[in-house]
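Chains as they are written, first to last, in my numbering: chain B, 1 to 366; chain W, 1 to 294.
Some chain W residues near chain B, calculated using beta-carbon distances under 10 Å:
1. Gln41
2. Asn138
3. Leu239
4. Leu246
5. Trp253
6. Phe256
7. Phe257
8. Trp262
9. Val264
Across the chosen pairs, the derived CB separations fall in these ranges:
10. Glu149/B x Ile146/W: 24 to 32 Å
11. Asp39/B x Ser124/W: 22 to 30 Å
12. Tyr50/W x Lys200/B: 38 to 46 Å
Hints are computed from structural coordinates only; laboratory data are not their basis. A virtual CB, placed ideally from N, CA and C, is assigned to each residue, including glycine.
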Amino acid sequence: MKLSPRALTAITVAGLLASANVFAEKVVNVYNWSDYIGDGVIEKFEKETGIKVTYDVFDSNEVLEGKLLAGRSGYDVVVPTIDFMSRQIQAGIFMPLDKAKLDNYSELDTDFLATLAPLDPGNNHGIPYMWGTTGIGFNVKKVAEVLGEDAPTDSWDLVFKKENLEKLKSCGVSFLDAPTEIYAAALHYVGKSPNSTNAKDYQGEAKALLKELAPSITYFHSSKYIDDLAGGEICVAVGWSGDIAQAMADAEEAKNGVEIKYIIPKEGALLWSDMLGIPKDAANVEEALAFINFLMRPDIAAANTNEIWYPNPIPASLENIEQEIKSDESIYPPADVKAKLYTATVKPPKIDRVINRAWTEIKTGQ
Amino acid sequence: MSRFNLKWLLILPPYIWLLLFFAVPFLIIFKISLSEAAIAQPPYTALFEYVNEQLTIHLNLGNYTWLFGDPLYFNAYMSSLKIAAISTVCCLLLGYPIAYGISRMSGSAQSLCLMLIILPSWTSFLIRVYAWMGILRNNGIINNIIMSLGLADEPIRLLNTEFAVYIGIVYTYIPFLILPLFANLVKLDNRYLEAAADLGAGPIKSFFTITLPLSKNGVIAGSLLVFIPVVGEFVIPELLGGSETLMIGKVLWGEFFGNRDWPVASTVAIIMLLILLVPILLFHRFQFKEMEDR
Numbered sequence: 001m002k003l004s005p006r007a008l009t010a011i012t013v014a015g016l017l018a019s020a021n022v023f024a025e026k027v028v029n030v031y032n033w034s035d036y037i038g039d040g041v042i043e044k045f046e047k048e049t050g051i052k053v054t055y056d057v058f059d060s061n062e063v064l065e066g067k068l069l070a071g072r073s074g075y076d077v078v079v080p081t082i083d084f085m086s087r088q089i090q091a092g093i094f095m096p097l098d099k100a101k102l103d104n105y106s107e108l109d110t111d112f113l114a115t116l117a118p119l120d121p122g123n124n125h126g127i128p129y130m131w132g133t134t135g136i137g138f139n140v141k142k143v144a145e146v147l148g149e150d151a152p153t154d155s156w157d158l159v160f161k162k163e164n165l166e167k168l169k170s171c172g173v174s175f176l177d178a179p180t181e182i183y184a185a186a187l188h189y190v191g192k193s194p195n196s197t198n199a200k201d202y203q204g205e206a207k208a209l210l211k212e213l214a215p216s217i218t219y220f221h222s223s224k225y226i227d228d229l230a231g232g233e234i235c236v237a238v239g240w241s242g243d244i245a246q247a248m249a250d251a252e253e254a255k256n257g258v259e260i261k262y263i264i265p266k267e268g269a270l271l272w273s274d275m276l277g278i279p280k281d282a283a284n285v286e287e288a289l290a291f292i293n294f295l296m297r298p299d300i301a302a303a304n305t306n307e308i309w310y311p312n313p314i315p316a317s318l319e320n321i322e323q324e325i326k327s328d329e330s331i332y333p334p335a336d337v338k339a340k341l342y343t344a345t346v347k348p349p350k351i352d353r354v355i356n357r358a359w360t361e362i363k364t365g366q
Numbered sequence: 001m002s003r004f005n006l007k008w009l010l011i012l013p014p015y016i017w018l019l020l021f022f023a024v025p026f027l028i029i030f031k032i033s034l035s036e037a038a039i040a041q042p043p044y045t046a047l048f049e050y051v052n053e054q055l056t057i058h059l060n061l062g063n064y065t066w067l068f069g070d071p072l073y074f075n076a077y078m079s080s081l082k083i084a085a086i087s088t089v090c091c092l093l094l095g096y097p098i099a100y101g102i103s104r105m106s107g108s109a110q111s112l113c114l115m116l117i118i119l120p121s122w123t124s125f126l127i128r129v130y131a132w133m134g135i136l137r138n139n140g141i142i143n144n145i146i147m148s149l150g151l152a153d154e155p156i157r158l159l160n161t162e163f164a165v166y167i168g169i170v171y172t173y174i175p176f177l178i179l180p181l182f183a184n185l186v187k188l189d190n191r192y193l194e195a196a197a198d199l200g201a202g203p204i205k206s207f208f209t210i211t212l213p214l215s216k217n218g219v220i221a222g223s224l225l226v227f228i229p230v231v232g233e234f235v236i237p238e239l240l241g242g243s244e245t246l247m248i249g250k251v252l253w254g255e256f257f258g259n260r261d262w263p264v265a266s267t268v269a270i271i272m273l274l275i276l277l278v279p280i281l282l283f284h285r286f287q288f289k290e291m292e293d294r
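Based on the sequences and whatever the hints tell you, model everything.
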């Protein structure tokens with residue numbers, strides 16, 4: 001059972017009152033994605049700084065956003081994805097970060113910061129934590145069985161060509177329940193801008209394509225597919241790079257004969273970054289900055305990447321990252337693949353509504 | 001005088017309860033449903049504005065007309081009502097014999113069986129739904145049995161279908177039907193049945209002419225106790241259902257989290273409450289009758 005933030009705060013407060021040294025105990029309340037930190041990293045931080053970490057997890061940007069918009073979430077560090085954070089900055093949720101207190105700020109990849117700057121002007125509100133791509137994960141054996149040896153396993157054709165998906169339906173297909181991300185891929189596939197702000201683009205060819213595919217999609221979900229891909233319940237998933245890497249590792253561990261592969265399709269894919277930020281109403285700002293700074297330390301960033309298989313934006317961490325991970329081109333893509341990646345921008349609320357309405361229609365046929 | 005005070009003391013708590021946990025939240029939701037979505041914290045516009053000694057009230061009825069303009073919402077309400085109705089009938093067909101059986105048992109067997117019905121609810125509801133995911137999946141228990149018996153070569157898709165949603169709902173809500181029904185059936189005076197038998201009625205006839213009519217209030221109360229919460233159910237269709245299962249709970253989630261449109265989400269909730277008002281009032285009527293009978 002997970003305690004609500006308020007309950008946690010209450011317990012923390014009760015604990016503090018009970019102890020004699022009320023003012024000595026420092027805490028930081030962190031709200032991060034599930035399975036998104038290295039083993040022992042929190043303990044190490046607590047030991048080195050004496051700050052106690054209350055660690056809570058979520059599995060969708062929407063849930064995090066719901067809490068942030070309601071206000072007084074009780075968290076000091078949260079980790080939204082950059083396009084969500086961009087809108088949240090507009091809503092006035094985040095405080096500008098005091099970079100003077102982040103000693104490790106210089107460790108960040110400056111090219112990467114420049115990529116994010118349009119979404120967080122001046123990189124003032126967020127520090128990139130981990131990044132990844134939205135691509136395709138598949139069960140090597142099953143896909144070969146269903147589509148034959150020459151299946152287009154390097155291209156969006158695998159899931160966006162109706163005749164392929166219809167066949168793959170027999171072994172199970174999942175798409176992320178993330179309308180902006182799937183729409184971006186579909187728009188890109190039909191030759192439109194993945195960040196179009198023209199409502200017609202979302203109602204035209206891309207929608208027709210997705211509607212045509214929908215009957216062959218087993219379900220739309222943003223976390224269920226990890227277990228299902230590893231367990232053989234589905235054979236193709238449009239999902240996030242690290243999640244599919246995790247399914248890969250899970251299948252290997254289970255020794256169930258399932259071999260999973262992740263690809264960044266050759267046409268290009270969405271690049272996203274999860275951002276560390278501090279809400280304006282955070283109670284423990286100093287501690288939050290200390291925690292963020294700690295995560296930017298190269299050895300810690302390496303420990304996190306080694307555990308969760310997502311690349312981090314700290315170049316100096318590379319020497320401590322396992323060979324198996326840093327040489328995997330689906331995780332650390334080479335320059336020519338990286339050049340084809342695109343980022344998501346914030347859409348006007350009216351376009352958001354058009355996207356979400358079309359999404360419901362695609363998912364339910366309504 | 002003291003008697004008057006005592007009476008008020010007794011009556012007050014339920015009213016305070018109702019005020020705090022029904023009226024206040026309802027008014028808050030109603031207020032939000034009259035505002036407009038905005039990129040702000042909280043993400044909707046204010047209803048009242050006081051500038052230069054002028055109080056301006058902004059009432060936005062657009063969300064209500066919006067719901068009527070798009071067939072999605074109507075279809076979602078209808079589909080939720082349909083799923084709730086079918087689940088209630090399934091619960092009833094399955095639950096009535098169980099409740100009847102338990103009510104005819106002797107003391108210790110009866111407590112044991114009641115215990116068996118209540119016991120599963122001591123574990124988390126979410127864990128029980130996850131257990132069903134394990135049972136229904138392609139390489140789950142059911143498919144393994146079917147395949148090992150040679151009844152099918154390929155696993156039958158059970159999870160992520162509407163069928164799985166019905167299984168989840170009936171499984172979760174059936175205790176809510178069995179318990180009130182049992183409480184009703186256990187009061188049934190055996191002498192009625194003996195008299196019917198003496199007068200030549202067979203067991204089937206006496207069931208339909210005596211037992212069933214006498215348990216009417218229990219049937220209705222139990223059914224509504226299933227029907228009302230199922231209409232707004234979100235977790236079960238989300239975890240067990242596929243993408244084609246349209247329910248108002250999922251639409252509401254989409255409005256709230258996907259569109260960040262709290263005003264429309266609140267409007268969906270208000271309309272749902274209005275739709276449920278009829279069954280809720282019915283429930284109270286029959287529950288009241290049931291109490292009077294006692």
